[in-house]
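Engineer: Single-letter residue listing:
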Amino acid sequence: MGLFGHRQVRAEDDNLIAGRGRYVDDLRFPGMLHVAIVRSQVARAKIKVDVAAALALPGVHAVFTADDLPLSARILPDCHPNPALRHPRGPAVLAAGEVRYVGEPIVAIVADSRYLAEDAADLVLVEYDEMPAVIDLEKAILPGSPLVHPDVPSNLGARIPVVTGNTDAAFAQAFYVARERLEIQRGAGQAMETRGVVAYWNEYESRMVVWNVSQVPFVHRTAIANALGLPENSVQVLNPDVGGGFGYKGLTYTEDLLVPVIARKLGCPIKWIEDRREHLIASYHERTQIHHLEMAVTQDGVILGIRGRFLYDAGAYTPWGPVVPLLTAVNIPGPYKVPNYKVDADIVYTNTVPTAPVRGAGRPQACYVCERLLDKVGHELKIDPAELRRRNLIQPDEFPYELGFISRDGTKRTYDSGDFPALLGRGLAMIKYDARREEQTKLRQEGKFIGIGLALCVEDTGLGPFEEVGMSIELDGSVTVRMGTPSQGQGQRTAFAQIVADELAVPFEAVKVLTGNTDLVRYSIGTFASRAGVVTGSAVSIAAKQLKQRAFAIGGTMLQAQAGDLELEEGCVRVKGQPSRSVSLKDIVHTSLGESGAPLPMQEFGPGMSTVANFCPPTNTFATGCHCAVVEVDPKTCQVKILQYVAVEDFGNVINPLIVDGQVIGGLGLGIGNTFFEKVVYDEGGQILTGTFMDYLMATTMDVPRVEIDYIVTPSPLNPLGMKGAGQGGTIPVPAVLSAAVEDALQPFGVRLNHVPFSESDLFAWLGEARTRAEQAQ
Amino acid sequence: MKPAPFSYAAPHSVEECLDLLSRYGTDAKLMAGGQSLMPLLSLRMARPSVIIDINRIPGLDAWEVTGEGVRIGARVRQRSLERDRALRAEIPLMAEAVQFIGHPATRSRGTIVGSMCHADPAAELQVCAILLGAAFRLRSHSGDRVVSAEEFFLDALTTAVGEEELVEEVRLPLPVVGAGYSFSEVSRRHGDFAMVSVGCIVTRDAQGRLDESAVALGGIGSRAQRFRLGDYAPGATAVPALFADFARHVAETIEPDADLHASTEYRRALAAHLVQQGLDVAASRTESGAQ
Ligand SMILES: Cc1cc2nc3c(=O)[nH]c(=O)nc-3n(C[C@H](O)[C@H](O)[C@H](O)COP(=O)(O)OP(=O)(O)OC[C@H]3O[C@@H](n4cnc5c(N)ncnc54)[C@H](O)[C@@H]3O)c2cc1C
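Same order as they appear, the protein sequences are chains G and F. At position 674 of the first sequence the residue is numbered 674 (my numbering), and the sequence of numbers has no breaks. Add 778 to the 1-based position in the second sequence for my numbering, that's all there is to it.
These aren't lab readings, by the way, just hints derived from the structure by calculation. As the structure is a prediction and not an experimental result, all values here were calculated from the model. One thing to keep in mind: the hints can contain errors.
[Said to hold, decoys possible] One side only, chain G facing chain F, incomplete, derived with CB under 8 Å:
{"no.": "1", "residue": "ARG277"}
{"no.": "2", "residue": "PHE399"}
{"no.": "3", "residue": "GLN639"}
{"no.": "4", "residue": "SER761"}
Ideal Cβ placement from N, Cα and C applies to all residues, glycine included.
With the hints as constraints, model all of the structure from the sequences given.
Structural biologist: Here it is, written out as structure tokens:
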């Protein structure tokens, strides 16, 4: 195939790099007003609001509190209802009488400019009658803890067990049981572009037009229509260029409903752009989980079972149900054979920002805890970490591999394809594992401490139920592709054009991919969970194949040839071996459309070259990967230097390795942040101490090393192009790999790592504790 | 993150600037590079009603060498410490420190004097000013005065600059002949404020005594602190364990604060490590080389 698999330079990049990207904040409409939101300054209180002074400020047009909203626009919809979560609580669009976390929206101000709106926000008097709050995840489930929702009997919102086999029997036979308390702290997605919404009532069509940064415009269309009491056909959601999604833009937020509500009420265009401070204190977070887990193994380190429970910090509401903890619970076994498994996911309310998927979505936690337990096993049983993993990996001839429990999508969790030993083998070869071990021993004698870490992971990608694609060949022979999965910068315009160019034998430049507009297709789910490439990409391929068949049918009639004798080359249908008997796609379109006023010439085909296709994957396809790292730790300053980082990924067949390399590199950046930097910190009273980028640290280009990337390809049998999703694999194993590497480097000091992210200062404290333990042991 | 309303004035002379300062006093804030001030305004943590922009005042953008030292005007950017070879040669300590301050973009606007006026206790330039014994020339309609670095830096984000005063320049002594300087720090990420930073000077008198050698540390409390070797070990010459002992002494003396990024104990350990290493490096840069 021609362009499939080619490192095609992204069609998007000219504009984006030259500053010609057009984002929601670039939209300007005559008479547009601006919104600022007043947010709670305390974690839990009954509130009274006085907006008189704000309303009186010149330039302020309106002030909205909960009471001013239509009843249908007061609570955000639950995007993922799950029966296990017996008391789901959707966030209030504006807090009505009570607040439950710092940052919760209370009042919306509408003014001539954002400056004035913020001036007015300062004038809103919120009287807080403070109530006891609970911030700490472990304290929240103690008896007597303040309740986040007094009408929910306990802060333990749900317990979801994931079980296979018989763990009690397995643990009874164990030669050794590794036990750990493993903690992952709260972080957040930090796209370059924050959230934003612009809405206006389109008088010409009598419908609400909403521009936002959504990963799920069709979900937003439904939510907005419901909130406004409009039929869905009277709402249009549009997404311009979007500067990164990271999962959190796949949810519905206050402003997604509020801005259209205000636009409808005031009858003028309304803009709200989230600033970075709002983003840090009020957009959904993720990752806080505390795990108490055990791994039972034989004398040889073969896993007999894993059991235990973990606490998931839901924050104050459950906008995405229990998706994240469920993903952790089903992903812990990862690439290893775990015949007996029983893990409870406990979902806990706290007075903090609600949590929802951020790139990786529960899987980095799963990978981290499993790999940390394995590293403990290896350490205690003195088995080399690479060898230990080799003994436990699912083998290539065991696919499709059933894990014995139900997946997040309700199907029997089954790995479709993969080759874990090959991934591990390639990773070890790339870091020259044996030579590195020798080097490590030698350097230790010189007082230098390098360490090697490795981890493997799986990622459920490309989930259902479907994506729809429309495709037309225009009168000039160019091809238009219409789809529902919007881009957050991933390069869909390029990748999907590559598929079309191959299938229809047209130049890459002749294909235009349109997305980010709910008028383009009838139905869509959205871009998240590494699914657009797999699901939409497959639908693109099917649509192109349909057009190709149609071209053969119509072209065959025009050329008076059998379809089987035809080929599609250089934009023309030709009779094989007789290149002069040829008709171009353009001519096929023209001919089949007929002449204005005359009857359609080829009635049997209907007019034109246009089609709609859907792809409905039977279940997830599983991407897999192995990352290895070599680090050096300076035990004096506790600084960690990444000397080498290797990522071997199996994303099945890859449309465009250049784009996928980028996904891996960017994913690694987040993973490094999750390991060393990215941490939302609350004080005991529930104030966020990391409200600017001075304190919420992300990995910069100085912290992300050059990563060596290689691919193993086991095509997925679940879609026509054999693809697997590539959006999160770069992130998932990183905390596990780097923790293992740092622990390995500090092995002579006996430091054990069971906590991410960790700073130099944390390492210093742990070194001190290890030293004390060693002294006491003597 | 939009500033509260303020009036803006851009005086064209020092006199005009001082007029504005005397008229508006506490209501006014001077703006140099804006790299610390603008974030404070945008977060509404500072709400001056008048911003006096000094970027159009002629003369303040120059530096010169006089008999007593280097005078750096209030508009000289941090970037000059990277780019201007002549300036770098006059203040080798600062020339080494500048790489740790923020990023090229912030250094292109941020001024040397502005950093010192902002008085962040982790700022590299405060450490340099304290170590080298800088002096500041302050001007106002009530009179001009010169304030030493020790008197200038009062507390975190607090200096001796009065509400009607403009810092016209900072004065730094010329390098001590034959001395070696070094600057080092540990921060969470490149370009972040240091968890601990250390500036060192190693110098010997005619008898080889190290008394005037000294270190200054930033990131350890409300302001940078200076320690003279002669106060710890008077008359000491080259003793093998001297720097290590002194480093330990310094680390035990300081009372660093804990924050989100580093504990007190970790900061102490960094201080001990950086002081010893910094003195070694500075010693290797003296005319006579390492001990
Ligand atoms: C991303 C980022 C990273 C940074 N990292 C570092 C770092 O690692 N290390 C570091 O030291 N700094 C860092 N900074 C701060 C930076 O160095 C600032 O430039 C500096 O602190 C202030 O200098 P300025 O010229 O921008 O002053 P401004 O921001 O304009 O003013 C700062 C304060 O000083 C006052 N002031 C300024 N000039 C005068 C004057 N002539 N007389 C009287 N008062 C005056 C102002 O009124 C104001 O209160 C960083 C800044 C940013 C944005």
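Engineer: All hints are to be evaluated individually against the structure, with a verdict given for each.
Structural biologist: Each hint, compared with the structure:
1. ARG277: Status holds, d = 5 Å.
2. PHE399: This hint is violated: PHE399(G) lies away from chain F, its Cβ roughly 42 Å from the closest one there, beyond 8 Å.
3. GLN639: holds (7 Å)
4. SER761: Where the cut-off is 8 Å and the nearest Cβ of chain F is about 4 Å from SER761(G), the hint holds.
Of the numbered hints given earlier, the model fails hint 2 alone.
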